[in-house]
Amino acid sequence: MMEEGADLSVTIAQIVHRLKGAHLHSQLEKQARECLHRPEIKLESLKEDVRSFLKASGWERKLQNAVYRELHILPPPGHPAAPPEHTKEPLVYMRKAQASWEKRILKSLNSMCTELGVPLARKRPVSEQKELTNKWNEMGTDEPDLSKFRPVYAPKDFLEVLISLKNPNYDCREGLTANSHWGLIQISLNVRDIPQMREAYPELSLTCSQLGIDDHAHIPPVVSEQDSAAAQQYSRQGCPTGFRAQLWALILNATNEPEDIMHYEQLKAAVIHHDLLVDNLIYKDVKLTASNDDYYFVFEDFLYQVLLCFSRDTAVLEHFSYNSATPPKSYIQGKTGAEEFTVVYPPNGVIPFHGFSMYVSPLCFLYNEPSRLYSVFREMYVRYFFRLHSISSSPSGIVSLCLQFERLLQNHLPQLFYHLQAIGAQPLRIAFKWMVRAFSGYLSTDQLLLLWDRILGYDSLEIVAVLAAAVFTFRAENLMEVTSLASAEAVLADLSTLKVMPLLQVFLFA
Amino acid sequence: TFFPSQQNSIGYTLTSLPPNSDSPDREGRSSVRYKCSMINSILDVLRQRPGWVEIKEDGEWDFNWCDVGWLRENFDHSYMEEHVRICHFRNHYELTRKNLMVKNLKRYRKTLDREVGRLEGAKCDFFPCTFELPSEYHLFVEEFKRSPGSIWIMKPVARSQGKGIFLFRKLKDIMEWKKVQRFSLNFEDQRDEAPVESYVAQRYIENPYLIGGRKFDLRVYVLVTSYLPLKAWLYRDGFARFSNTRFSLSSIDDQYVHLTNVAVQKTAPDYDPEKGCKWQMQQLRRYLTAKHGSEAVETLFKDIDNIFIRSLLSVQKVIINDKHCFELYGYDILLDQHLKPWLIEVNASPSLTASSQEDYEMKYRLLEDTLNVVDMEGRLTGKEKRVGGYDLMWNDGPVYREDVSLETLGTTYQIANTNLGCVNDRRKQLRQLLKPFPGHKRS
Numbered sequence: 001m002m003e004e005g006a007d008l009s010v011t012i013a014q015i016v017h018r019l020k021g022a023h024l025h026s027q028l029e030k031q032a033r034e035c036l037h038r039p040e041i042k043l044e045s046l047k048e049d050v051r052s053f054l055k056a057s058g059w060e061r062k063l064q065n066a067v068y069r070e071l072h073i074l075p076p077p078g079h080p081a082a083p084p085e086h087t088k089e090p091l092v093y094m095r096k097a098q099a100s101w102e103k104r105i106l107k108s109l110n111s112m113c114t115e116l117g118v119p120l121a122r123k124r125p126v127s128e129q130k131e132l133t134n135k136w137n138e139m140g141t142d143e144p145d146l147s148k149f150r151p152v153y154a155p156k157d158f159l160e161v162l163i164s165l166k167n168p169n170y171d172c173r174e175g176l177t178a179n180s181h182w183g184l185i186q187i188s189l190n191v192r193d194i195p196q197m198r199e200a201y202p203e204l205s206l207t208c209s210q211l212g213i214d215d216h217a218h219i220p221p222v223v224s225e226q227d228s229a230a231a232q233q234y235s236r237q238g239c240p241t242g243f244r245a246q247l248w249a250l251i252l253n254a255t256n257e258p259e260d261i262m263h264y265e266q267l268k269a270a271v272i273h274h275d276l277l278v279d280n281l282i283y284k285d286v287k288l289t290a291s292n293d294d295y296y297f298v299f300e301d302f303l304y305q306v307l308l309c310f311s312r313d314t315a316v317l318e319h320f321s322y323n324s325a326t327p328p329k330s331y332i333q334g335k336t337g338a339e340e341f342t343v344v345y346p347p348n349g350v351i352p353f354h355g356f357s358m359y360v361s362p363l364c365f366l367y368n369e370p371s372r373l374y375s376v377f378r379e380m381y382v383r384y385f386f387r388l389h390s391i392s393s394s395p396s397g398i399v400s401l402c403l404q405f406e407r408l409l410q411n412h413l414p415q416l417f418y419h420l421q422a423i424g425a426q427p428l429r430i431a432f433k434w435m436v437r438a439f440s441g442y443l444s445t446d447q448l449l450l451l452w453d454r455i456l457g458y459d460s461l462e463i464v465a466v467l468a469a470a471v472f473t474f475r476a477e478n479l480m481e482v483t484s485l486a487s488a489e490a491v492l493a494d495l496s497t498l499k500v501m502p503l504l505q506v507f508l509f510a
Numbered sequence: 001t002f003f004p005s006q007q008n009s010i011g012y013t014l015t016s017l018p019p020n021s022d023s024p025d026r027e028g029r030s031s032v033r034y035k036c037s038m039i040n041s042i043l044d045v046l047r048q049r050p051g052w053v054e055i056k057e058d059g060e061w062d063f064n065w066c067d068v069g070w071l072r073e074n075f076d077h078s079y080m081e082e083h084v085r086i087c088h089f090r091n092h093y094e095l096t097r098k099n100l101m102v103k104n105l106k107r108y109r110k111t112l113d114r115e116v117g118r119l120e121g122a123k124c125d126f127f128p129c130t131f132e133l134p135s136e137y138h139l140f141v142e143e144f145k146r147s148p149g150s151i152w153i154m155k156p157v158a159r160s161q162g163k164g165i166f167l168f169r170k171l172k173d174i175m176e177w178k179k180v181q182r183f184s185l186n187f188e189d190q191r192d193e194a195p196v197e198s199y200v201a202q203r204y205i206e207n208p209y210l211i212g213g214r215k216f217d218l219r220v221y222v223l224v225t226s227y228l229p230l231k232a233w234l235y236r237d238g239f240a241r242f243s244n245t246r247f248s249l250s251s252i253d254d255q256y257v258h259l260t261n262v263a264v265q266k267t268a269p270d271y272d273p274e275k276g277c278k279w280q281m282q283q284l285r286r287y288l289t290a291k292h293g294s295e296a297v298e299t300l301f302k303d304i305d306n307i308f309i310r311s312l313l314s315v316q317k318v319i320i321n322d323k324h325c326f327e328l329y330g331y332d333i334l335l336d337q338h339l340k341p342w343l344i345e346v347n348a349s350p351s352l353t354a355s356s357q358e359d360y361e362m363k364y365r366l367l368e369d370t371l372n373v374v375d376m377e378g379r380l381t382g383k384e385k386r387v388g389g390y391d392l393m394w395n396d397g398p399v400y401r402e403d404v405s406l407e408t409l410g411t412t413y414q415i416a417n418t419n420l421g422c423v424n425d426r427r428k429q430l431r432q433l434l435k436p437f438p439g440h441k442r443s
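Heads up: the protein sequence lines correspond to chains E and U, in order.
With the first letter of the first sequence counted as 1, position 383 gets the number 383 in the UniProt record's numbering; the numbers rise by one all the way through.
With the first letter of the second sequence counted as 1, position 424 gets the number 424 in the UniProt record's numbering; the numbers rise by one all the way through.
Heads up, a few of these hints could be off.
As the list claims (entries may be wrong) - So the derived label-pair ranges between C-beta atoms look like this:
| id | chain 1 | residue 1 | chain 2 | residue 2 | range |
| --- | --- | --- | --- | --- | --- |
| 1 | U | His338 | E | Ala269 | 27 to 35 Å |
| 2 | E | Phe509 | U | Asp425 | 54 to 62 Å |
| 3 | U | His324 | E | Ser205 | 39 to 47 Å |
| 4 | E | Arg124 | U | Ser150 | 37 to 45 Å |
| 5 | E | Ala154 | U | Asp425 | 33 to 41 Å |
| 6 | E | Ala229 | U | Asp425 | 56 to 64 Å |
To be verified - In silico negatives: residues of chain E with every beta carbon more than 10 Å from chain U:
| id | residue |
| --- | --- |
| 7 | Ala22 |
| 8 | Ala245 |
| 9 | Ser321 |
| 10 | Leu366 |
| 11 | His412 |
Honestly, the hints are just simulated from the structure, not real lab data.
Where is the CB? At the ideal position from N, CA and C, for every residue including glycine.
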């Protein structure tokens, strides 16, 4: 009991500390000061009256939402003596694997840099700055020569790393035992099975109606109450199309206050002043993926406006305290090895990989003011997406998702799993690319948004693994007939006609 | 319900379908002889329809999917039995030629102003200010001078696929064009000269609704099976066609920006045929709903319905009604930034060539359902409000989703029976609605 109390006060102290410098704090102070003029504030009951005023005017709710947001990204309380690396990732072998993967990526980036003679960063001449400012809303019309650039890595490279992950403390002998891994992932993590998920996702049961179309004309009350926590709960049964944008912004507490807009403008200025090598990677990625998509091609310009700014946003570095990854460091020319001359590269510490822009594309469907779109994307990234491409033991991390997918399929359709494994078509090889992108670009947009409603609603990426297993289950009959990896890929090549909610509901509850 | 076979056996055997007792004048045919002059998706649909047989060259036909040229040359000389169907109305051009459409709409509006009131007439302001040239040249110049700096678009009345269209801001821009057209301002002179091509000059919509900085227009399909009384169906599917490049008023010479017809887009230098320039209507409707909320979007689609109905009513008395005729129109609609829809034009021969697999499937469905509505096989009762992806929009009066009853009578709030851009679960609906094809069992 005593410990719980101590933990709680530590948490409270942490949150208070984080919010103290924030804009919301100064706004609250200002509101409190100004309300003193109001007739209902009496000197005798000053504290209570100011409190009731802040409650009635909606400011208490804003504070609640901000606290709720902090709770989301606050890592679970650890042992007081644990070093900060433990907060990032408690398991040593995972940390080591992540570190060596990062080394490889950085090496690849540096060698591309040397090979092409392109600097990691370069200040733009004034004429180029002017040109870019004019072209800011249509950067997609630019056709720079990107042939020499290659993506730093693709999901399949990352998969190979995950497959080779081994827990040195785990004796996986040869021979099939009850605990053997007949999938690709060779480590044991605690992943939930179907009965456990039925308890965790009761809102998806077959008897609960799901919002798929606009069946209500009225505004959901959670929107008018502006309550983050309530909105999150609401989202578990899907958001109505007309209110999804507001609901997601509310759940993520992604505001569009003047300070957010100013922050975005500063990032834009940074893009104008400096050119980064990763910009080319972003261009290439957008051109190869989103621009070729029948539905997302229209949003090409927005993608540049978001991703180029994202690369320069040092506020993103905060999330590395709970991300197993560590931002790559680069040295200022000539000073290799000297610690005081290191800079984080790119400024936000995130090197984009092939398909990265697909994290942003579906959001363009909901938001078109660049600063708003940016706020929402950044928050989605630091809460969820980063876990899809870093090695960690988190239940929402890609490693857990892969393992969970394999386990679910093995338990639900062992014959199918066995058949696919026997013909050299390990299911994870096909499902991995879906999960890394949280299905963006594979499902039709409306279905994808319904899936992401649940990621937000349940504050977990677990549902992505469940969907992957449900897709295999849905096409099981055809898959039993195939005799090669290529034909298995063909059966699962087109997911655009799938309806997400029935698949999930039937898989979990039928 | 099924029609049991004549023999007492478990399954169904080939029998001929007795005529539909509900509509004694529509005798169902188990075999339909058709002629088709196209080689695109319509031919596939016709070939794959059970019991339909293609007639080549001369020979009697029950159904003709002809082009407008054939119609012009042969319609007046053809005798058609009662059951025969053909896919155009004799003088469809009253609706589809730009100058005639505008003339009919203007006349209809005046009638409404006079007989009902200005408020009703105002519901017809869905087409931009248009003048026919050369006949209305002076009126055009007057209006042009009244709004200096605005952009106008010049379109030949009879051509399609964006040919011959250009934009202009100054009168001197069209001086050259005038010379080329050899038209004189003096009407009497024209009689002796070679036929002059008619044009319309129209106010260009300078504030189109943009998505991703790109302009787009909507293609919507409306099927008319009769003008007197007017019976019109609206298809749920359709698409938005995007311009390949970003919209900007600074370069009105770049016709590729401004003209979104797919046919013109194909000649643009950076056109990639594999790249999708189209969004399905459902996608667009969802996007707009996400951006503006369902109420605003419902209002928009109601306004779009209004365009179809009024444009058809405006030519109702002019079109030669013929029970043999039906027509599938392709409406081109443009949205502006205030979510107001504008009528650009109506096509009597909307393109049935597919630009992608998805497009092919949509056009296939559309044509299949068109044939379902035309109902050569006599499977419908004639009282249906929905057939596959088609919703009955107008049946000698507005059609509502709920039938008028004692409770609803007197209420002003009625939901129209249209679902453009909504889910098209046609297969399920058709299974419930239709009996199997003659000689076939239900699959």
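Verification of the supplied hints:
Evaluation of the 27 to 35 Å hint for U:His338 and E:Ala269 yields a pass: the beta carbon distance comes to about 33 Å. Between E:Phe509 and U:Asp425 the CB atoms are about 24 Å apart, so this pair departs from the stated range of 54 to 62 Å. For U:His324 and E:Ser205, the hinted distance range of 39 to 47 Å is not satisfied, since their beta carbons lie about 56 Å from each other. Taking 37 to 45 Å as the suggested C-beta distance range, the pair E:Arg124 and U:Ser150 conforms, at roughly 39 Å.
For E:Ala154 paired with U:Asp425, a C-beta distance near 38 Å keeps the hint of 33 to 41 Å intact. Distance hint check: the CB atoms of E:Ala229 and U:Asp425 are about 36 Å apart, inconsistent with the given range 56 to 64 Å. Non-interface status of E:Ala22 relative to chain U is upheld: no Cβ of that chain comes within 10 Å, the nearest being about 30 Å off. At the 10 Å boundary, the C-beta of E:Ala245 falls inside the reach of chain U, the nearest C-beta of that chain being 6 Å off.
Distance check on E:Ser321: its Cβ is at least 34 Å (rounded) from any Cβ of chain U, clearing the 10 Å threshold; non-interface status holds. Not every CB of chain U lies more than 10 Å from the CB of E:Leu366, the least distance being 5 Å, so the non-interface label is violated. With a minimum CB-CB distance of about 28 Å to chain U, E:His412 clears the 10 Å threshold, and the non-interface call stands.
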